[in-house]
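Protein chains: 2
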Amino acid sequence: MKRVSASFLPPISLQPAGKIPIYRQLYDWFRQAILDGRLRPAQRVPSTRNLAAELKISRIPVLNAFEQLHAEGYFETFIGAGTCVARSIPDDAVRPTASKLRPGQQRKVQRSGPRRMSRLAAAFTRLPEQSWLNNLGAFRVSLPALDHFPIGIWSKLVARHSRKPARGIMAYHDAMGHPPLREAIAKYLGAARGVRCDPSQILITTGSQQGLQLSALVLLDPHDAVCMEEPGYHGARHAFLSAGARLIPVPVDQEGVDVATIMRRARNARAVYITPSHQYPMGMTMSATRRMLLLNWAVRSGAWIIEDDYDSEYRFASRPIASLQGQDTDARVIYIGTFSKVMFPALRLGYVVVPKDLLPAFAAVRDAADVFSSTLYQAVITDFIQEGHFARHIRRMRMLYMERRTALVKAIRAEMEDLLEVIGAEAGMHLVALLPAGTNDEAVARSAAKQGISAQPLSSCYMNPPPRGGLILGYGGSSEPQIQDAIRKLRLCISASM
Amino acid sequence: MKRVSASFLPPISLQPAGKIPIYRQLYDWFRQAILDGRLRPAQRVPSTRNLAAELKISRIPVLNAFEQLHAEGYFETFIGAGTCVARSIPDDAVRPTASKLRPGQQRKVQRSGPRRMSRLAAAFTRLPEQSWLNNLGAFRVSLPALDHFPIGIWSKLVARHSRKPARGIMAYHDAMGHPPLREAIAKYLGAARGVRCDPSQILITTGSQQGLQLSALVLLDPHDAVCMEEPGYHGARHAFLSAGARLIPVPVDQEGVDVATIMRRARNARAVYITPSHQYPMGMTMSATRRMLLLNWAVRSGAWIIEDDYDSEYRFASRPIASLQGQDTDARVIYIGTFSKVMFPALRLGYVVVPKDLLPAFAAVRDAADVFSSTLYQAVITDFIQEGHFARHIRRMRMLYMERRTALVKAIRAEMEDLLEVIGAEAGMHLVALLPAGTNDEAVARSAAKQGISAQPLSSCYMNPPPRGGLILGYGGSSEPQIQDAIRKLRLCISASM
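Residue numbers (the numbering used here), protein chains in the order written: chain A, 73 to 570; chain B, 73 to 570.
No false leads were slipped in.
You can't tell identical chains apart in this list, so a pair holds if it fits in one copy or across any two.
Pairs of lysine-lysine residues, derived as DSBU-like cross-links and limited to a Cα-Cα distance of at most 30 Å, are as follows:
1. Lys91 with Lys259
2. Lys259 with Lys228
3. Lys482 with Lys522
4. Lys522 with Lys236
5. Lys522 with Lys428
To be clear, the hints were calculated from the coordinates, so they are not data collected in a lab.
Using the sequences plus the hints, can you model the full thing?
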């Protein structure tokens with residue numbers, strides 16, 4: 073290491089054999105010296121010729137470094153007066169870190185202002201930490217049977233599209249999504265879910281969570297009231313909180329959300345968030361009467377209904393329940409769906425069926441949020457649907473999940489009928505098992521997490537204190553042996569927590 | 073088509089050879105009849121036996137349909153009294169559409185409430201319509217040279233990752249991103265951009281727009297003031313407006329944003345948005361003095377600086393300018409970058425370098441926005457970087473864009489030196505060409521769009537009336553022959569608009 077002290081400069085250290093070129097080392101040295109105040113505004117610097125001579129290096133890197141320092145405004149040159157540190161550099165420069173101050177050096181230390189974040193961010197960071205739930209062990213909610221996904225077919229379709237250097241797959245794309253996918257989804261939803269829409273109403277999102285966020289931004293002003301199911305989906309709560317909404321919890325019973333309570337207590341609500349096909353997490357189906365009452369109320373009051381149809385593909389005992397959207401003759405329902413559960417979560421594709429008069433607003437808000445969704449997977453899933461793989465995969469998974477649900481219920485009955493009470497319709501990819509009254513479900517879930525089990529505490533779905541603790545047990549991604557094993561472990565966790 | 077009139081029912085039409093199963097046709101008919109009021113609450117329906125006999129069909133589909141109607145709550149059964157339409161169905165059901173009313177039928181028609189959207193959505197839909205700019209013709213801003221992208225290498229890497237049915241590529245993933253990619257980005261930014269960070273500070277986003285949106289949600293409460301460059305990036309304006317912020321335009325000159333104006337007029341601003349390496353759209357570099365003044369002011373006042381380093385990889389005349397983030401000793405800078413320009417836009421990957429104390433807030437807000445970014449491309453670009461393709465691609469594109477810029481400037485000089493004045497540093501993927509004073513740049517751009525040219529009017533970057541019109545000409549995605557041709561066409565559009 074060369075260490076040369078130019079007559080009037082602090083010592084410059086250069087590493088001639090280093091990975092960093094000499095011009096860059098010089099540039100960095102001068103810049104840092106100016107930033108931390110060792111070189112002061114208007115202070116003269118040596119000529120490139122003299123500096124090169126003193127440092128015993130070629131003049132070329134010195135010239136390059138000085139040129140850059142000029143270009144960035146650290147140096148200025150006056151004809152006849154040579155080069156100096158720009159006089160416009162502020163005298164109090166950037167607050168030096170203590171370690172950079174030489175002993176005895178005194179600098180006016182700036183006081184650092186507050187580090188305020190938004191009220192939203194502050195509220196979010198005060199929420200209970202749940203990262204302990206993020207393992208992918210048995211009972212992980214919403215996790216599909218990834219090892220049964222037709223990865224061979226899928227990767228062939230991926231290869232088909234990624235080989236073509238088509239502008240269509242690489243360039244900017246419509247904020248609403250890939251047109252053939254929008255068509256395929258409209259067709260699928262019409263046939264399978266009774267949704268009434270045309271392809272122009274389909275907005276492709278990066279998943280149902282983005283659908284919720286965009287709906288919140290389009291529909292809600294800060295402090296607007298939104299009715300939420302209690303217990304309900306925490307992801308929806310967070311999306312509405314992001315828009316500054318006020319949440320009103322509305323109890324659910326065997327017929328779904330209690331519409332009478334909405335009509336009585338939330339007359340001015342701007343929106344109602346519901347999961348009518350398969351209430352999350354409790355699993356009941358909203359009754360025909362409640363659906364009609366809610367729609368009528370929404371039409372009269374001017375409220376919006378946000379229908380989250382997150383896993384309605386899977387219903388074992390009866391036929392799939394038609395969507396609420398299909399009953400809506402006043403375009404009050406914003407219908408949200410996702411491919412995370414029927415396909416796989418890391419696909420990051422979902423959709424919103426948007427009432428026609430809201431389309432420009434959804435497109436603009438989506439553009440401001442993240443412009444558009446990655447195109448490759450949109451093109452791939454379009455083929456996957458159109459070539460029949462999608463329908464076949466759903467059929468196979470419906471059988472598999474029915475078996476897994478049966479295995480889970482059987483295992484609970486065999487191992488701990490006294491400890492867990494299974495509720496919810498025979499549908500979807502999870503069930504709720506209620507714990508004996510007084511049991512702390514979070515304590516049970518935390519101790520289960522240590523055993524690699526991802527059982528979500530039911531209390532996390534409540535805004536008010538829950539009447540009774542429980543566990544949300546996802547069975548979609550858990551094989552039968554995994555289920556048997558996990559239930560045995562869970563029994564110990566529950567017994568220990570009582 | 074069978075058309076049978078059951079004694080006390082409106083006529084039921086069944087299509088025996090249709091694609092829709094008979095049980096489904098029956099279910100649909102009853103459900104619709106209840107919804108539009110042809111069947112009233114408590115009205116008796118025939119027994120399954122009688123209905124099957126009347127319709128001359130097997131009893132099985134009738135049983136299936138009735139079971140579903142029971143399950144969904146449209147029917148109820150009383151022992152001894154048979155099946156009837158559920159009495160809880162509201163009498164005013166859903167407002168029938170006029171076409172469904174039989175002649176002479178009178179129904180209480182509900183008045184439909186207002187269709188209010190948020191103030192944000194209303195404001196966005198009032199913005200001038202710019203979809204005419206969305207063509208991918210010559211001069212499209214931010215469009216890279218897609219035909220020079222190493223698609224062969226890329227698609228091999230895609231295939232490598234999509235063949236493996238790895239849980240890692242399909243399951244839920246960290247809201248912060250794929251850890252190996254976060255490491256690769258931290259390393260790259262340290263070396264190439266002088267950014268000081270460790271991998272834990274990297275948040276992977278779906279592009280710089282999401283980085284802006286998340287920053288806005290974490291840092292800004294509604295009505296908080298944000299300083300924006302004038303002219304500036306409209307995407308940033310929209311992101312901050314989404315969070316309810318108040319925008320304060322601050323003029324830019326040859327040294328970048330006018331920091332003195334910020335200090336004088338926006339003392340209480342919560343954040344400043346800047347593009348210091350290559351001001352968008354004007355192209356100048358922020359001077360060293362301004363950088364230090366801004367950092368000092370931010371430290372004292374407690375404001376945040378949002379540094380958008382959108383295309384700093386491409387600088388032709390001098391070395392890349394180090395980031396402002398690297399000069400920040402008080403963790404005031406949120407640094408935003410994107411792969412849309414160095415790679416391709418439909419990749420939808422970008423990143424934010426987050427001050428450590430804000431990490432929990434960014435993670436929570438990202439989770440509420442759209443959970444996490446699709447994993448496949450994250451894994452692929454990690455390999456692309458680590459195997460050296462990324463650095464090589466940037467080097468090749470830097471040469472290509474320099475040539476294209478030179479060709480564009482030469483074509484302007486040759487064809488219309490009198491009409492267009494080129495400004496901005498020799499960097500990036502676009503330049504600004506000022507029009508003769510008094511020319512309406514939107515009129516020019518609209519007439520150019522009709523010729524398949526995507527020239528963005530400079531006025532669209534201003535919040536206040538612009539002092540002079542101009543065109544933002546992207547040259548990254550335009551080949552030299554395309555440039556020659558488009559400039560010739562542009563000359564005619566300009567002449568016609570004067």
